[in-house]
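Build out the structure end to end from the sequences listed, making use of the hints.
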Amino acid sequence: MIGIQLAGNLTQGLILGGVYGMATMGLSLIFGVLGVVNVGHGAFIMIGAFTTLLLFTQLGLSPIIAIPVALVIGMALGFFFYYTVIIRLTEAPELASLLATFAIGTLLEESVKFTIGTEFRGYNWDVGKISLHITTLPMSKIYAFVGSILIALLLYLWFSKTRAGTAVRAVMQDRKGAGVCGVNVNWIYALSFAIGIGLTVTSGVLLTMFIPVGINPYMGGAYTLKAFVIAVLGGLASPYGAFFGGLIFGLIENGTYTLFALVPSLEPFAMTRFLSFLILLLILLIKPTGLLRAK
Amino acid sequence: MAPLLRLENVTKRFGGLVAVDRVSLEIDPGEFIGIVGPNGSGKTTLFNVINGVYFPEEGTIVFDGRDITRLQPYKRAPLGIGRTFQIPRPFASATVRENIAVGAMFGTLSGRVGVDESLEIADQTIERVGLQEHKDKAAGSLTPVEKKLMEIARALAMKPKLLLMDEAMAGMHPNDIDQMVAFIKEIAQEEKIAVVSMVEHIMRAVVGMAERVIVLHQGAKIVDAPTKEALENPKVVEIYLGHPPEGQGC
Amino acid sequence: MSSKIARYYPLIPVYAAYLILFLIGRNVTGMWQLMAMLVFYCAIGQAFNIFLGMTGYVDFGYVAFMGIGTYGMALSISHLYQIEGLGMWVILIGAVLAILMSGALSVAVGAVALRLRGAYFAIATIGVNEGFRFLIEGAKIWGGSEGIIFSGQFTHIFGRKTASLISTTWADIFVILVACLGAFVTLRFMLGKIGYALMALREDEDAAKVMGINVTKYKIIAFITSASLVGLVAAFAWGLKLTYLFPDEIFDISYTVECIIIVLLGGAGTLLGPVAGALIYGLSKYWLTIILPGFQLLIFAPIIIVIVVAFPEGVVGVLKRRVRGTVLEKFIV
Numbered sequence: 001m002i003g004i005q006l007a008g009n010l011t012q013g014l015i016l017g018g019v020y021g022m023a024t025m026g027l028s029l030i031f032g033v034l035g036v037v038n039v040g041h042g043a044f045i046m047i048g049a050f051t052t053l054l055l056f057t058q059l060g061l062s063p064i065i066a067i068p069v070a071l072v073i074g075m076a077l078g079f080f081f082y083y084t085v086i087i088r089l090t091e092a093p094e095l096a097s098l099l100a101t102f103a104i105g106t107l108l109e110e111s112v113k114f115t116i117g118t119e120f121r122g123y124n125w126d127v128g129k130i131s132l133h134i135t136t137l138p139m140s141k142i143y144a145f146v147g148s149i150l151i152a153l154l155l156y157l158w159f160s161k162t163r164a165g166t167a168v169r170a171v172m173q174d175r176k177g178a179g180v181c182g183v184n185v186n187w188i189y190a191l192s193f194a195i196g197i198g199l200t201v202t203s204g205v206l207l208t209m210f211i212p213v214g215i216n217p218y219m220g221g222a223y224t225l226k227a228f229v230i231a232v233l234g235g236l237a238s239p240y241g242a243f244f245g246g247l248i249f250g251l252i253e254n255g256t257y258t259l260f261a262l263v264p265s266l267e268p269f270a271m272t273r274f275l276s277f278l279i280l281l282l283i284l285l286i287k288p289t290g291l292l293r294a295k
Numbered sequence: 001m002a003p004l005l006r007l008e009n010v011t012k013r014f015g016g017l018v019a020v021d022r023v024s025l026e027i028d029p030g031e032f033i034g035i036v037g038p039n040g041s042g043k044t045t046l047f048n049v050i051n052g053v054y055f056p057e058e059g060t061i062v063f064d065g066r067d068i069t070r071l072q073p074y075k076r077a078p079l080g081i082g083r084t085f086q087i088p089r090p091f092a093s094a095t096v097r098e099n100i101a102v103g104a105m106f107g108t109l110s111g112r113v114g115v116d117e118s119l120e121i122a123d124q125t126i127e128r129v130g131l132q133e134h135k136d137k138a139a140g141s142l143t144p145v146e147k148k149l150m151e152i153a154r155a156l157a158m159k160p161k162l163l164l165m166d167e168a169m170a171g172m173h174p175n176d177i178d179q180m181v182a183f184i185k186e187i188a189q190e191e192k193i194a195v196v197s198m199v200e201h202i203m204r205a206v207v208g209m210a211e212r213v214i215v216l217h218q219g220a221k222i223v224d225a226p227t228k229e230a231l232e233n234p235k236v237v238e239i240y241l242g243h244p245p246e247g248q249g250c
Numbered sequence: 001m002s003s004k005i006a007r008y009y010p011l012i013p014v015y016a017a018y019l020i021l022f023l024i025g026r027n028v029t030g031m032w033q034l035m036a037m038l039v040f041y042c043a044i045g046q047a048f049n050i051f052l053g054m055t056g057y058v059d060f061g062y063v064a065f066m067g068i069g070t071y072g073m074a075l076s077i078s079h080l081y082q083i084e085g086l087g088m089w090v091i092l093i094g095a096v097l098a099i100l101m102s103g104a105l106s107v108a109v110g111a112v113a114l115r116l117r118g119a120y121f122a123i124a125t126i127g128v129n130e131g132f133r134f135l136i137e138g139a140k141i142w143g144g145s146e147g148i149i150f151s152g153q154f155t156h157i158f159g160r161k162t163a164s165l166i167s168t169t170w171a172d173i174f175v176i177l178v179a180c181l182g183a184f185v186t187l188r189f190m191l192g193k194i195g196y197a198l199m200a201l202r203e204d205e206d207a208a209k210v211m212g213i214n215v216t217k218y219k220i221i222a223f224i225t226s227a228s229l230v231g232l233v234a235a236f237a238w239g240l241k242l243t244y245l246f247p248d249e250i251f252d253i254s255y256t257v258e259c260i261i262i263v264l265l266g267g268a269g270t271l272l273g274p275v276a277g278a279l280i281y282g283l284s285k286y287w288l289t290i291i292l293p294g295f296q297l298l299i300f301a302p303i304i305i306v307i308v309v310a311f312p313e314g315v316v317g318v319l320k321r322r323v324r325g326t327v328l329e330k331f332i333v
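Residue numbers (our numbering), protein chains in the order written: chain A, 1 to 295; chain L, 1 to 250; chain X, 1 to 333.
One should not assume that every hint holds.
To be verified - Here are the simulated EDC-like pairs of lysine to aspartate or glutamate, each with C-alpha atoms no more than 20 Å apart in a straight line: (1) L:K235 / L:E191; (2) L:K75 / X:D204; (3) X:K4 / L:E200; (4) X:K4 / L:E229; (5) L:K159 / L:E200; (6) X:K193 / L:E200; (7) X:K193 / L:E120; (8) X:K161 / X:E146; (9) X:K161 / X:E84; (10) X:K193 / L:D136.
Stated by the list, open to error - Footprint (simulated), chain A over chain X, 3 or more residues, beta carbon under 8 Å: (11) 17–27; (12) 112–121; (13) 224–236.
Hints were generated in silico from the structure; no laboratory data involved.
Bear in mind that the values here come from a model prediction, so they are computed numbers and not experimental data.
Backbone N, C-alpha and C define an ideal beta-carbon position, used for all residues, glycine too.
Below, the structure written as structure tokens:
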């Protein structure tokens with residue numbers, strides 16, 4: 001019985017983990033290229049979630065259409081915040097960029113709060129479900145999972161096949177060297193930040209498939225913290241590491257929840273969160289470069 | 001006379017790369033030595049192994065009769081190992097005087113030099129190197145040459161027995177180099193400091209009036225001889241005249 | 001001799017500010033709460049500055065020490081209230097417990113996180129704060145997510161009247177005293193070898209090591225001092241004042257951010273900075289709450305961005321440069 005339940009939860013965890021992974025790639029990309037930890041990460045996920053919600057409820061558009069819309073909105077926000085704020089902070093001490101990205105996140109949250117309100121919202125995109133022996137999966141979640149993998153693949157192709165992607169990789173390896181070799185480092189920073197934010201906002205679209213009534217201006221905080229754990233699992237500066245880190249994190253989160261729930265004196269939800277931060281600390285202590293060194 | 005510093009078969013690897021390859025050497029108190037080698041020949045790594053930034057995989061390092069192979073860097077400095085950097089690394093926001101006081105405060109063996117005493121030592125050292133008019137300026141605002149002087153003063157305030165200087169003359173005007181060399185020689189002789197100066201090209205060592213040069217090539221020591229002899233050594237001639245240094249491409 | 005005393009002149013503006021706040025609070029009706037809030041901000045800014053300002057390490061989970069300090073006071077009162085005749089001692093025990101517990105946590109965190117630098121350190125400390133909170137909630141330690149409500153026990157010890165006096169007045173006065181202590185410790189550090197060591201490691205940690213500085217030792221000293229001080233502040237300002245605690249409130253990351261803003265706004269690593277930062281931040285927050293309730297964060301966010309981008313030295317950082325060579329130089333560090 002518990003075996004089936006565990007298998008079911010792990011399947012759900014894998015599906016969610018893929019989306020978690022995709023939702024962390026932007027964070028890792030931005031850290032890898034600019035050396036900036038985006039503490040406002042979750043707020044951009046929230047923007048993606050609201051984009052989906054509004055398109056669905058106001059215009060009746062499917063979340064699939066929300067994906068390109070979110071990407072465009074995200075990249076626009078990324079360019080905007082890069083050229084107004086981040087450009088001045090790439091050489092400054094960490095404190096500056098940590099605080100500035102936190103403030104950007106707060107600005108977004110508060111703006112949404114004043115335009116839309118703080119109540120929890122959701123929408124219902126019913127595209128059927130499939131029953132496996134161990135669990136039942138709504139098709140919307142499967143679409144989100146497939147979407148995450150496709151977006152990760154597209155990013156991979158962009159990195160490996162395009163000039164700009166190659167330049168981004170060069171900057172990740174060695175800023176100065178890339179600059180010497182004629183790469184316009186500033187433009188690469190701007191582009192990477194925009195793509196990173198674009199990916200993050202897009203991931204907000206996919207995450208709504210997992211939170212039926214969880215859309216709220218302050219929903220991002222929890223995802224920021226999860227993204228830190230996932231990013232560290234994957235090596236912090238590696239977008240692909242982050243993707244696989246997400247898969248592992250999804251499995252751990254759902255697997256251990258099932259196990260913690262067996263112990264009556266524990267509160268399983270909080271214990272899974274505790275465990276994830278314990279893992280974060282252990283990895284930082286033992287192998288700060290991450291468990292996975294996917295390039 | 002026992003050597004001040006003795007390295008025996010010291011090897012330091014980074015992954016597959018052998019940065020320092022079984023290097024043995026001895027340095028006597030008060031000696032003036034040039035370590036010569038092109039970029040990537042392992043000089044900086046050798047310095048870092050001597051002052052403890054890296055621990056070697058093999059070999060032993062003995063300083064002043066004491067095995068320091070696995071000693072933390074902050075414990076080595078007070079034994080009498082001072083260091084300057086290729087690109088100066090001042091404590092930028094602090095004043096020149098405070099920078100130098102740090103050397104006196106933490107870099108001497110007794111460990112009991114208080115703040116006031118350190119500031120006095122700093123004042124004396126500042127006078128010695130001629131930075132009086134800059135002493136209350138933020139170290140970050142100095143010119144590159146002044147920064148180098150300040151680093152030397154900071155190292156001297158540590159009362160070192162051994163001074164490791166990383167490309168001390170690079171980027172300096174020839175006139176300044178002459179002055180600087182004369183100055184360092186004078187102080188080193190007075191205080192019996194052994195000076196190991198790291199240079200990229202052997203001619204710099206000659207200019208730097210090193211008594212002896214140690215030539216590194218791909219991490220290994222290939223020549224260790226008085227400067228004059230080393231200049232005639234065929235290996236040295238081959239390295240420095242046979243193959244011009246390769247340019248660094250992208 | 002006189003020059004030795006002159007070294008302590010920089011305390012004058014700090015203590016003058018605290019005294020003025022106290023006097024306004026006592027003598028102007030309705031101002032005590034506002035003054036108490038300002039002094040609380042001064043105290044946490046003063047404490048955080050010892051770590052963030054002097055070492056340059058960004059502890060994004062700093063509020064964990066405030067949280068555990070609050071637990072120290074709560075545990076003392078809620079466990080010892082039945083012992084007759086303990087009276088005021090229970091507060092002292094609570095304060096000592098707050099110092100010991102936040103100090104112990106800082107040793108544990110420091111052992112793990114202080115090996116890391118930059119962004120990795122910041123992320124690790126966020127992890128510690130969140131992990132610690134979820135451990136308390138998940139394993140149902142100290143009441144788990146339901147927290148500790150100890151107002152009943154508190155009244156039991158002191159009686160209604162005294163209990164209320166302690167919560168509304170003495171708790172704030174204790175905070176002022178800790179703020180004074182914080183400023184004194186900061187100046188002692190600045191004048192002594194510790195200050196030089198911290199300055200060196202903040203500017204260039206590797207160079208500092210090569211100069212003979214045991215950087216780990218000095219980082220830990222600053223970390224423990226800063227953590228114990230802020231644990232003590234919270235024990236009074238949250239524990240003794242509110243007589244209840246909930247883990248999701250006392251581990252709220254926004255307090256860390258407030259600490260950072262105060263230190264940065266005033267001038268990191270300066271003595272007067274946290275006071276200036278706390279006054280500017282506290283007053284503008286209070287004022288915005290009145291004129292535009294609910295909009296504070298929306299207005300603060302862009303202000304923070306502007307400060308970070310255009311004004312990284314902080315108010316006192318700029319002031320310090322301005323007064324160089326004038327009489328005021330002795331008073332502002």
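Quick rundown of the hints versus the structure:
For a cut-off of 20 Å, the pair hint linking K235 of chain L to E191 of chain L is broken: about 35 Å separates their Cα positions. The hinted pair formed by K75 of chain L and D204 of chain X meets the criterion: a straight-line CA distance of about 17 Å does not exceed 20 Å. With a CA separation close to 49 Å, the supplied pair K4 of chain X and E200 of chain L exceeds the 20 Å bound. Only pairs whose Cα atoms come within 20 Å are accepted, and K4 of chain X paired with E229 of chain L is rejected, the gap being roughly 59 Å.
Between K159 of chain L and E200 of chain L, the direct Cα distance comes to roughly 27 Å. Violation of the 20 Å bound is thereby established for this hinted pair. A threshold of 20 Å between alpha carbons decides the hint, and for K193 of chain X with E200 of chain L the separation of about 37 Å lies outside it, so the pair is violated. For the hint pairing K193 of chain X with E120 of chain L, the CA-to-CA distance comes to about 14 Å; that is within 20 Å, so the pair holds. About 27 Å separates the Cα atoms of K161 of chain X and E146 of chain X, which puts this hinted pair outside 20 Å; it is violated.
Proposed proximity of K161 of chain X and E84 of chain X is supported: the alpha carbons are some 18 Å apart, at most 20 Å. A threshold of 20 Å between alpha carbons decides the hint, and for K193 of chain X with D136 of chain L the separation of about 19 Å falls inside it, so the pair holds. Counting residues of the segment 17–27 of chain X whose C-beta lies closer than 8 Å to any C-beta of chain A gives 0; at least three are required, and the coverage claim is violated. Against chain A, the segment 112–121 of chain X contributes 7 residues with a C-beta closer than 8 Å to a partner C-beta. That satisfies the three-residue criterion, and the hint holds.
By the rule of at least three residues with a Cβ nearer than 8 Å to a Cβ of chain A, the coverage given for the segment 224–236 of chain X is violated, with 0 such residues.
Consistency note: the structure conflicts with the earlier hints numbered 1, 3, 4, 5, 6, 8, 11 and 13.
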